[in-house]
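Protein chains: 2
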Amino acid sequence: MTKVPASPLYYEDIEVGRVFRTGSIEVTAEEITTFAARYDPQPFHLDVTAGTEHRVFGGLVASGWLTAGLAMRLMILSDFKLGGGAVGLGIDSLRWPRPVRPGDRLSSVIEIKGKRLSESKPGYGIMRIDTTTTNQNGEVVLTKSAHVLVPLRPL
Amino acid sequence: MTKVPASPLYYEDIEVGRVFRTGSIEVTAEEITTFAARYDPQPFHLDVTAGTEHRVFGGLVASGWLTAGLAMRLMILSDFKLGGGAVGLGIDSLRWPRPVRPGDRLSSVIEIKGKRLSESKPGYGIMRIDTTTTNQNGEVVLTKSAHVLVPLRPL
Numbered sequence: 007m008t009k010v011p012a013s014p015l016y017y018e019d020i021e022v023g024r025v026f027r028t029g030s031i032e033v034t035a036e037e038i039t040t041f042a043a044r045y046d047p048q049p050f051h052l053d054v055t056a057g058t059e060h061r062v063f064g065g066l067v068a069s070g071w072l073t074a075g076l077a078m079r080l081m082i083l084s085d086f087k088l089g090g091g092a093v094g095l096g097i098d099s100l101r102w103p104r105p106v107r108p109g110d111r112l113s114s115v116i117e118i119k120g121k122r123l124s125e126s127k128p129g130y131g132i133m134r135i136d137t138t139t140t141n142q143n144g145e146v147v148l149t150k151s152a153h154v155l156v157p158l159r160p161l
Numbered sequence: 007m008t009k010v011p012a013s014p015l016y017y018e019d020i021e022v023g024r025v026f027r028t029g030s031i032e033v034t035a036e037e038i039t040t041f042a043a044r045y046d047p048q049p050f051h052l053d054v055t056a057g058t059e060h061r062v063f064g065g066l067v068a069s070g071w072l073t074a075g076l077a078m079r080l081m082i083l084s085d086f087k088l089g090g091g092a093v094g095l096g097i098d099s100l101r102w103p104r105p106v107r108p109g110d111r112l113s114s115v116i117e118i119k120g121k122r123l124s125e126s127k128p129g130y131g132i133m134r135i136d137t138t139t140t141n142q143n144g145e146v147v148l149t150k151s152a153h154v155l156v157p158l159r160p161l
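These protein sequence lines are chains H and D, in that order. Per my numbering, residue 7 is the first one in the first sequence, and the count goes up by one each step. Per my numbering, residue 7 is the first one in the second sequence, and the count goes up by one each step.
It is worth saying that the hints were derived from the structure and are not from the lab. As the structure is a prediction and not an experimental result, all values here were calculated from the model. One thing to keep in mind: the hints can contain errors.
As the list claims (entries may be wrong) - Computed list of chain D residues with no C-beta within reach of chain H, every gap over 10 angstroms: (1) V22; (2) R44; (3) D46; (4) P49; (5) R79; (6) D98; (7) K121; (8) V146; (9) L161.
Stated by the list, open to error - Partial selection, computed: residues in chain H whose CB lies under 7 angstroms from chain D: (10) G91; (11) R107; (12) G109.
As the list claims (entries may be wrong) - If you want the ones that stay clear, here's a sample from chain D, every Cβ over 10 angstroms from chain H, calculated: (13) S13; (14) I20; (15) E32; (16) T34; (17) P47; (18) S69; (19) G70; (20) R101; (21) R107; (22) G109; (23) K119; (24) R159.
All C-beta atoms, glycine included, are put in the ideal place defined by N, C-alpha and C.
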């Protein structure tokens, strides 16, 4: 069965309180260590043995920035598709309540928490978008509260 | 001249107000598009032409999550080396005041803004660490305020 791609959404289409559920993605040891080698080269992100010896983690865990990147991928590939794209203005809160380990399967729930017109950019609104990413056991591994620039519907 | 690696720092070694300056790193178009293909697959992060047509950016720009990953790399490779590693608890503010474009060279200033002992994890403190990342023109491309778990000096 082919999934019909969602039409792009504009500011006017999205009400506060709307919830989007993303697909899921599995995190492999290879992606954890490859990402870490470039962006977060610390022993507990690079090597199973070094991770095991770490007092906090007790095993190889993903960089929080990899988890954040995967949450972004899940959002971009979800039905929450903005016309003109999602331009992040900033994050007010980003938390990693639990580590992500090899073999974990992540998915997110995205909720629109607020919207207002942009004062500085005509043709745009700003939405507060909260994301909760969980693993296959329903345990929360990331929460994020973002402000995103969202285009108005073209005239 | 070989640079002597910095000794690892522990909670007790780092006073509030201390500032660390990182090295620098150049951002290439290839890294921008490769990162985006996996973590932020939007036209203005993937393709020069699509970026040029974008109303906000007017050219290929790095995903904000790539900029955050590069800021992390710069910190890990700096003299701000924590014994036991830097375990991020969360981010209270993350902003991207200006886009990062191919050829930009980034570096960061890291400032210790606060420290306290952890109540839940014996042997650890928690530091508030602010990062400002600028491009080769001194323009700020990222600001970040993080809480990081920092090991106490082993007995």
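Which of the numbered hints are not met once you compare them with the structure shown?
2, 3, 4, 5, 6, 11, 12, 17, 18, 19 and 20
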